[in-house]
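Those protein sequence lines, which keep their order, are chains H and G.
Quick note: the first sequence uses the working numbering, first residue 1, plus one each step.
Quick note: the second sequence uses the working numbering, first residue 1, plus one each step.
FYI, nobody ran anything at the bench for these hints, they're computed from the structure.
None of the hints are false.
Distance windows between CB atoms, simulated: (1) G:Gly55 - H:Gly283: 27 to 33 Å; (2) G:Phe60 - H:Ala178: 31 to 37 Å; (3) G:Phe58 - H:Pro335: 33 to 39 Å; (4) H:Gly211 - G:Leu75: 35 to 41 Å; (5) H:Asp142 - G:Ile241: 36 to 42 Å; (6) H:Asp111 - G:Leu37: 33 to 39 Å; (7) G:Leu247 - H:Gly211: 49 to 55 Å.
We put the CB at the ideal spot given by N, CA and C, even for glycine.
The primary structure of each chain is shown beneath.
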Amino acid sequence: MKKSIFLGTLALAGLAAGFVSAQTLDEVRARGSLSCGVSTGLAGFSMPDANGEWQGFDVAYCRAVAAAVLGDSTAVDFVPLTTQTRFTALSSGEVDVLARNTTWTFSRDVDLRLEFIGVNYYDGQGFMVPRDLGVSSALELDGATVCIQTGTTTELNLADFFSANNMSYEPVPVETNAEAQQQYLAGACDVYTTDASGLAATRATFEDPDGHVLLAEIVSKEPLGPVVRHGDSEWGDIARWTLNAMVAAEELGLTSANVGEMSAGTENPEINRMLGTEGDLGGMLGLEADWAANIISQVGNYGEVFDSNIGAATPIGLARGLNAQWTDGGLLYAPPFR
Amino acid sequence: MTAITEPPTESFRLSQLIYDTRYRSTTIQVIAFLLILLAFFWLGRNIVSNLSDLGKDFDFGFLWSRAGYDINQRLIEYSNNSTHGRAALVGILNTLLVSFLGCITATVLGVFAGVLRLSNNWIVARLMTVYVEGFRNVPLLLWIILIFALMTESTPQPRDFRGENPEASMILFDSVAVTNRGIFTPGPIWGEGSTIVIIVFLASLLGIFAFRRYAAKLQEQTGQILPVLWVSLGLFFIPAILAQLVLGSPISLEYPSLQGFNFSGGVHLRNSLIALWFALSLYTGAFIAEIVRAGIMSVSRGQTEAAFALGIKPSRTMNLVILPQAMRVIIPPLISQYLNLTKNSSLALAVGYMDVRTTLGGITVNQTGRELEGILLVGVFYLVTSLAISGVMNVYNNSIKLKER
Chain H
1 MKKSIFLGTL ALAGLAAGFV SAQTLDEVRA RGSLSCGVST GLAGFSMPDA NGEWQGFDVA
61 YCRAVAAAVL GDSTAVDFVP LTTQTRFTAL SSGEVDVLAR NTTWTFSRDV DLRLEFIGVN
121 YYDGQGFMVP RDLGVSSALE LDGATVCIQT GTTTELNLAD FFSANNMSYE PVPVETNAEA
181 QQQYLAGACD VYTTDASGLA ATRATFEDPD GHVLLAEIVS KEPLGPVVRH GDSEWGDIAR
241 WTLNAMVAAE ELGLTSANVG EMSAGTENPE INRMLGTEGD LGGMLGLEAD WAANIISQVG
301 NYGEVFDSNI GAATPIGLAR GLNAQWTDGG LLYAPPFR
Chain G
1 MTAITEPPTE SFRLSQLIYD TRYRSTTIQV IAFLLILLAF FWLGRNIVSN LSDLGKDFDF
61 GFLWSRAGYD INQRLIEYSN NSTHGRAALV GILNTLLVSF LGCITATVLG VFAGVLRLSN
121 NWIVARLMTV YVEGFRNVPL LLWIILIFAL MTESTPQPRD FRGENPEASM ILFDSVAVTN
181 RGIFTPGPIW GEGSTIVIIV FLASLLGIFA FRRYAAKLQE QTGQILPVLW VSLGLFFIPA
241 ILAQLVLGSP ISLEYPSLQG FNFSGGVHLR NSLIALWFAL SLYTGAFIAE IVRAGIMSVS
301 RGQTEAAFAL GIKPSRTMNL VILPQAMRVI IPPLISQYLN LTKNSSLALA VGYMDVRTTL
361 GGITVNQTGR ELEGILLVGV FYLVTSLAIS GVMNVYNNSI KLKER
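Same shape as in the complex, but just chain H:
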């Protein structure tokens, strides 16, 4: 009987993980909407606006996938996930794609059976401190109390950084960015550490953003990217080439403003192939011919999405930096549409 109880418990947990290998594309089409996992609230990346509409950089990617698959960028159900629930939600099939500033690491890609389809933001872990603390370098943080989101790569980097520099610290584990913000502003921790983009986004929502500084040290590589389940390569291809289409569109000068006239046919064969006026790239993905045109007209290219959500003109004010096109000295390099 002991053994059957054991198996029963296993099975109950297993039921939740059922039916994951089914064709995601067919499911999304049958449902008529895309289920997309986003963070529980990070300004500029994924946050509901005053009307309850989700807005942000990661949200835009979800909308792009919906535009490519369903032709309608509004057909998305957003599922807010914490760092603790995100992977389980994805592998159990609760969400079709996870766009939640998730760092691409070996063990997540290989051992957790996830599939990172690319990098939509090249980031690194930074530290934020109140200006009046008088700290100018992360190396002066010996003995500090640090707020840290649990279950993240930053948690592990933090431990590594402090051990490597022979410093001690007191971790204050928090579950969400909002909780971290509250603890940090109350002074329950001296330092808040997470991805530098997240720090900038969080600081932008403070009453007094100038009272806080981001320290110069970037202690890790954090390539953030959308994730799909392992084992459904067709769906993975759609997710990957959606991101590539956004990046390539910026490189080719396609914007939401001019994509309409470009769709009529241009001199550039790559644009023609991408927009479906030449060849059948959409059909190879199992999508309509105008899949990429839908992405660009309804959501915009990578640069447009970046500028309107987190770019220099927004309160978050992130520079393109590593996230510029390769032609501008950045790391964005979409493979050819051929």
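On the provided structure of chain H, position chain G as indicated by the hints.
Okay, now just chain G, sitting in the frame of chain H:
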């Protein structure tokens, strides 16, 4: 000639399994058992095939790999180079610590509130009613978060203690600092010879126990009542303090002082621990108060009247007549409350208290992706702990239950 009628020899027929009442219940039970087995088998197969579809195996090897994360409150040696198994152990000890503290405080609170709720003093009784109903009827999670938020928002930061004219200062002769990161109190330093003091202290605890047994026996046989409380208190403090003085103060106190970003030295009671401990105690205490009240009211009024008629003082009536009888009613539901408190401590995650649910069932699961194994282990831990608590409490229950002579 006498006719001997032999009883008809019955041969067993299959239909008897259903129509014969002698066999029917067995048949039903066997069929039900087979169905249950089948259901479990189906569930088991389902999970095995789902896991293999996901390409995951079932393996506890992760417990021996490097954890890589740090834990703030640790009762045993732990660093980020320790294993996930060790992190789980740190979490288990933290769970046990807060459950133990919570059970004790909740019992004290509950007994007081339960007795006072029966008080003839209108204000006291009503106050206790407000306490019980207030805490019983609001979810525990809200109390935990409320207490934590109050402690974080209303207390000063460590750096407010700095400078010539600090905004905040330490209390109790500069020995205790109340900050929004927790309470820093003086802690003991175990010098040479401190083991002797501890042994003396443990011996005096044994002495108290022996004296109380002797006093109870004496009272049962002769009716003579010894001053148990005063002797116990004396035994508790005097020998240990004497030993401490005679040996030249081997145990000294270390006071917290502001160094760098934080106070250091002494004992750091983190806000997460205090909030969780208080909330669990207040919440469970409200339930225990009701149990105690029910227990006292279950003892018939005649018992009190009889005791008064014999000229026994009210306080002694309570201790000698009513409570011993009430205990029989109180203990069994009290066990459930202890179990509830222990399991409710898994809400620790809300305030970042690193209990077993947060370390093994949270961070480890997240970093290794072993949801099934991790959560199973956490479940097994709570099961074992709960069974152990009810086992111990059942022993106590047997010792106080009505002895029929």
